[in-house]
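Engineer: Oh and the sequence shown: position 114 is 114 in this note's numbering, straight run, nothing missing.
Everything labelled a hint here was simulated from the structure, so no lab data went into it. Ideal Cβ positions, reconstructed from N, Cα and C, are used throughout, including at glycine. You may find that some hints are simply not true.
Calculated pairs, SDA-like style, for lysine to any residue (alpha carbon to alpha carbon, straight line, at most 25 Å) [to be verified]:
1. Lys374 to Thr432
2. Lys525 to Leu456
3. Lys488 to Gly508
4. Lys374 to Arg386
5. Lys242 to Arg401
6. Lys366 to Arg401
7. Lys242 to Asn426
8. Lys525 to Leu451
9. Lys578 to Gly601
10. Lys374 to Asn426
11. Lys50 to Ser293
Now the in silico label distances, taken between C-beta atoms and shown as ranges [said to hold, decoys possible]:
12. Gln529 to Leu425: 15 to 25 Å
13. Ile486 to Ala252: 51 to 61 Å
14. Arg646 to Leu223: 48 to 58 Å
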Amino acid sequence: MEKLSFPLLYFQLRENAVLGILVGAGHQVVDRDLRRVKATLQDYLQKQYKKFDDYPDSDLQGARLKVVDISVRPTFHTEQGAFPMAQSVKVPIPIVYGENYDGFFECHLPLQNQRFYYYNSKQLLPLVRNFATTMLNSYTPERLFRLSRLPEPKLDEVPLKVNYSREFRWRLNDYERPLRYLERLAEKYPYVKALRRQMSNYPEAAWEMEEKVNEAIEKLIFLRANVLLVGPAGVGKSAVLKAAIRKIHNLARKEKLEYSFWRILAQRITATAKYLGEWEEMVEGLIRDLQASNGILWVEDILRLVETGGRGPEDSVAAFMLSHLQRGALQLVGEATPQQLESLRQLLPGFAENFQVVEIPELPEKKVQGILEKFAEYAQQQMQIRIPADSQQLAYRLLHRYYPYEQFPGKGIKFLAACTNEAQLNQRKLVTREEIIRQFIRQTGLPELFLRDDLLLDQAELSSYFRTRIIGQDAAVEKLCEIVKIYKAGLNNPHKPITTLLFAGPTGVGKTASAKAMADYFFGKGRTQSPLVRIDMSEFQYAGQLGRLIGTGKEVGQLVREIRERPFAVLLLDEVEKADPSIFDALLTVLDEGLLVDAYGRITNFRNTIIVMTTNLGASNRQSIGFSDTTGASARYESAIAGFFRPEFINRIDNVVLFDPLKKEAI
């Protein structure tokens, strides 16, 4: 029998309470004194060894303890943003370090259950400060305060007797058994080449982002950390992660190492669960399979782990996985937008704190242009389809203007891939500027007039278009023509809806017809689905119905669902004054910023919509629906609107368009 020793970090919390942490394993015990803590951990290790023939790695020779003070500024995170405190605080971070049996140096941060390797003793303190600062910046002020109040730590050892001549049945039974849960719920990545060709024409390359690929590899393999790639939608998170996984896969195959990556959708874990406790069994089975295959689990939408499983974040799949993450039994990698990361920190802070973040920033225009050129080279070599430079430039310009809520290079690659797919279907070898415009029209419904600077706006034709569809409303027609001119010139604010209008007037004078005419003019080209999204606001007369409109928790509301399906559309909120006042408050950010963010950090974008609200306020004094010659209409409407809506709501409306009662000749 051989005797192994495992470093034990312990704290004398109070007279009859000692906290012990087994360094490298993450196991924690609180008991009356140090002797009982050591006995509990030793008994646990011995039972685990007897049952599984397994024990934690013990690579440190002559482990040493040091406390490093880290200055950090506590920050409060709320829905409104991050609010750092005025002064920094010093947080003592105990580290256990030493040389391992391979001749390298190893450092553990037991309180964070993290470790890293270094190759020179002079690197230790700078690396500790950098490593610890990154983690502490994501901690809540409460957690930082608790860390700063811990007593002075001390170091001891926990012994374990092992028999090196004993046959390792655990390896035979576990490492070579079928991966029942993984193979059923997840997919091994990278895919084989034949499958990759069938799935997509997209090149799986992280052009211009090699530095981020290497950073992800370092955190995944050398630090064995849980990694979260964070950046706006379309910035290249998936490309970086795929490139890192392929690089690790190739290196492991070359060096004959055992590494595997498994890709999973969070909802698949609970989709087949039929009885209470079944999905928990599946998670435990997944973890056993991952340990058996030395696997890392890639969760595509990691925020969904917090949404699925139970009624709230505290009993979700993520919460169930938390203890496994903390003791290093499970390694995860995923992607998130900054908003999703913020939501993750608010909904389940302990889960978010177990991840190291790799920031994927937006690329400058020069690098984006270089990526589009490389895609064109790829299309030429792999598909024999040429994308000239002027077609690339046009695609960049159109995407930059009309898709401001997505980032390059993702939206550029996606759009050019759609163009090459269309060229293949039609057996063409060239993607011309005309094909770029046709593809853009198919996706957005925008007319060619808006997409080509060389086409001039015919004002007479524009006026005729609206006058033939909107009868007897000359003032309203002029307003609508003015909106078209502003949009054609590119003078609208790209960080808001295209325009926000309030149509005021009695029933039956053409308010809805005007909204439909605008929808057809702006977004009706080549569309099979109507570009008009109509929501009857009289169905939302109570505050409790707000969730049905914008969503509650996991449920998606009617407004969000419609705009996600048709982002280029006219949104008609009919009879808006009949909605509950809480609805108006919820719409303020939509009218002001063109964005709606739910509790889980999911963004719905309204920046390519025209928002039209209709109201009958001020029309009650009219003589009839059909026609009237009553004077002072404008004053009555404006007074009624100002008296009903709050100023902050009215100030976010670009134009109030008054519809006159129809005259006899118009009818």
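Engineer: Could you run down the list of hints and mark each one as holding or not?
Structural biologist: Here's how the hints hold up against the structure:
Straight-line distance between C-alpha atoms of Lys374 and Thr432 comes to about 17 Å, which keeps the hinted pair within the 25 Å bound. The suggested pairing of Lys525 with Leu456 holds, with an alpha-carbon distance near 18 Å, which does not exceed 25 Å. The hinted pair formed by Lys488 and Gly508 fails the criterion: a straight-line CA distance of about 30 Å is larger than 25 Å. Of the pairs offered as hints, the one joining Lys374 and Arg386 holds, with about 12 Å between alpha carbons and a cut-off of 25 Å not exceeded.
Restraint check: the Cα-Cα separation between Lys242 and Arg401 comes to about 29 Å, which exceeds 25 Å; the hinted pair is violated. Restraint check: the Cα-Cα separation between Lys366 and Arg401 comes to about 17 Å, which is no more than 25 Å; the hinted pair holds. For the hint pairing Lys242 with Asn426, the CA-to-CA distance comes to about 31 Å; that exceeds 25 Å, so the pair is violated. Simply put, Lys525 and Leu451 have alpha-carbon atoms about 12 Å apart, close enough for the 25 Å limit, and the pair holds.
A threshold of 25 Å between alpha carbons decides the hint, and for Lys578 with Gly601 the separation of about 29 Å lies outside it, so the pair is violated. Using a Cα cut-off of 25 Å, the hinted pair Lys374 and Asn426 holds, with the two alpha carbons roughly 23 Å apart. This hinted pair checks out: Lys50 and Ser293 have alpha carbons roughly 22 Å apart, not beyond 25 Å. Here the CB-CB span from Gln529 to Leu425 is close to 21 Å, well matched to the stated 15 to 25 Å.
Under the hint 51 to 61 Å, the C-beta atoms of Ile486 and Ala252, about 57 Å apart, fit the expected range. The supplied range of 48 to 58 Å is met by Arg646 and Leu223, whose beta-carbon atoms lie about 52 Å from each other.
Hint check: violations occur at hints 3, 5, 7 and 9; the rest are consistent with the structure.
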